[in-house]
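Protein sequences, first through last, are from chains D and C. Here the first sequence is numbered in this note's numbering, starting from 1 and rising by one per residue. Here the second sequence is numbered in this note's numbering, starting from 1001 and rising by one per residue.
What the hints contain is simulated information worked out from the structure, not anything from laboratory work. Heads up, the beta-carbon is just placed ideally off N, CA and C, and yes, glycines get one too. A few of these clues could be false.
[Stated by the list, open to error] Output of the computed footprint for chain C on chain D, the stretches with three or more beta carbons under 8 Å from beta carbons of chain C:
1) 201 to 211
2) 249 to 261
[What the hints assert, rightly or not] DMTMM-like, lysine to aspartate or glutamate: derived pairs with alpha carbons at most 25 Å apart:
3) C:1189 x D:226
4) C:1064 x C:1255
5) C:1110 x D:35
6) C:1110 x D:11
7) C:1110 x D:169
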Amino acid sequence: MSRRQRNRLLDVALHGAGLTATLLGLVVLAVLLFDIFSDGFGRISWDFLTSFPSRRAENAGIYAALLGTVWVITLTALLAVPIGVAAAIYLEEYGGRGRWSRVVEINITNLAGVPSVIYGLLGLGLFVRTLALGRSVIAGAATLALVALPVVILSSREALRAVSPALREASYALGATKWQTIWHQVLPVAFPGILTGLILALSRTIGETAPLITMGALTYVPFAPDGIWSAFTVVPIQVFNWVSRPQEAFLANAAAGIIVLLALLLVMNGFAAWLRDRYQQ
Amino acid sequence: MSRRRRDLIERAIEWALRACAGLSILVTFGIVSVLAFETVQFFREVSPFEFLFGTVWTPLFFQKSFGVLPLVAGTLLVSAIAMTVAMPAGLLTAVYLSEYAPARVRRIVKPVLEVLAGVPTVVYGYFALLFVTPLLQRAIPGLSGFNALSPGLVMGIMILPMVSSLCEDALHGVPRGLREAAYALGATKMQTTTRVVLPAALSGISAASILAASRAIGETMIVAIAAGQQPRLTANPLVPVETMTAYIVQISLGDTPAGTLAYRTIFAVGMLLFVSTLLLNLASNWLRERFREEYA
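Throw the hints in and build the complete structure from the sequences for me.
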């Protein structure tokens, strides 16, 4: 074989290896989805969605956990979104190259890399014990808000950065103040981008299990939360609880719970994608 | 509105925004102080030397022993398996997407890989325990129902999208001129990639691998579900082990009263986990900054 042929062959080999590696991820995703749907689809029913957990697998449902997830994620959004977007506005529009914003920036990058289970320990020590909020919806939401905060800040900054500087300069030239420029010009333009980032950040937070378990959220909750002080569980914790049981029937429940969770994520991500397409010209 | 009043409002708004940005510093401060507070209490009863170098971890037994090494070994074992999957596969995916794939393929593949990254970790745990482990048991008869191998492999798939996207950024950062010079000398795409592009992107790729290791060490639900809860100082991937994160979950699920020694162990283990991931993240950032400067 000539050297030239050998080189050609090696080139094809690398191309093939790259393609195989790329397909590996896609194939595993397909197998995972197929496995979960074949295990759990038979359990999905109106009863499953509207029943409380039970010691008998065939009677158990996801209602309490689903409502818990809705309560917690709503409160998480109310806490993390205003603070996160405000922080992003400061860093992007006011921050400049000062020492303070440099420190804050490095800090946020590091916070984004802290394992989420550590946020659970923070929630346990700070919200559950020190502030005596107990194992309540509000303590869980506060914990998840801290998990989501770095992601919210980073994605909002990206949306703000995409706004053309010419827009800001035109506004200044007309005599507008800094805040008037941000409020009337920059934010309306950046809004779809910020919203898309927020939905993606929150959809990732819905799947978080470790911080809530560590904070002390209950795994068996036979009632729906009735306020921010109520005890709660969420869908991923319910799934974890069912997976940990030896009986076959509970495993089917876990798969069905996962389908509900994935459906929730699909709706949120689909909405984000629709928003992005609609405003992207 | 008078000029003075307007200035005042502008100032107030800026300070409010600055306070929100500053809150993130408070979060870091909160993490460090909560962990440090309980860890210091823990070290009043258990010597740091025993904790860091002891080889038996039985904090819940009657014969208590607080050597964290079995948990560290479990964490390193699972992470090493994950990295063995994620690094080659992620790098090859990045090479394919950045150097070989037509734009149309890239547009379809990248969002699908992002879906892989967005799957909740509890779902991967289910997959590892109930699909991958039984599958592996057919090939490896000695494999127990809980083991390090299966969650390690699944975790590798989980961090693959992160590795491939960071590596792809690194490959994109290599100036086009370098590639064109190689082509002009008659190099094939494979020669250009392995002898020019990959060496030039090395610090960016190293940054990606360190970040992936940090993510693997901190990953919780996959190992809590599929690796078992037996702290064991071993490098055997076929038997049940326990990681630092899985231990924290195990204690959190039980009714351990606050203020007891067992309760404090999770903060001491958490501190060790926090410090390790922080050091890895800082190293990764430093490498990435250096990479950016090289081609600025």
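Here is how each hint holds up against the structure:
| no. | hint | in the structure |
| --- | --- | --- |
| 1 | 201 to 211 | holds (count 7) |
| 2 | 249 to 261 | holds (count 5) |
| 3 | C:1189 x D:226 | violated, 62 Å |
| 4 | C:1064 x C:1255 | holds, 18 Å |
| 5 | C:1110 x D:35 | holds, 23 Å |
| 6 | C:1110 x D:11 | holds, 23 Å |
| 7 | C:1110 x D:169 | violated, 36 Å |
Hints 3 and 7 from the list above are not met by this structure, while the remaining hints are.
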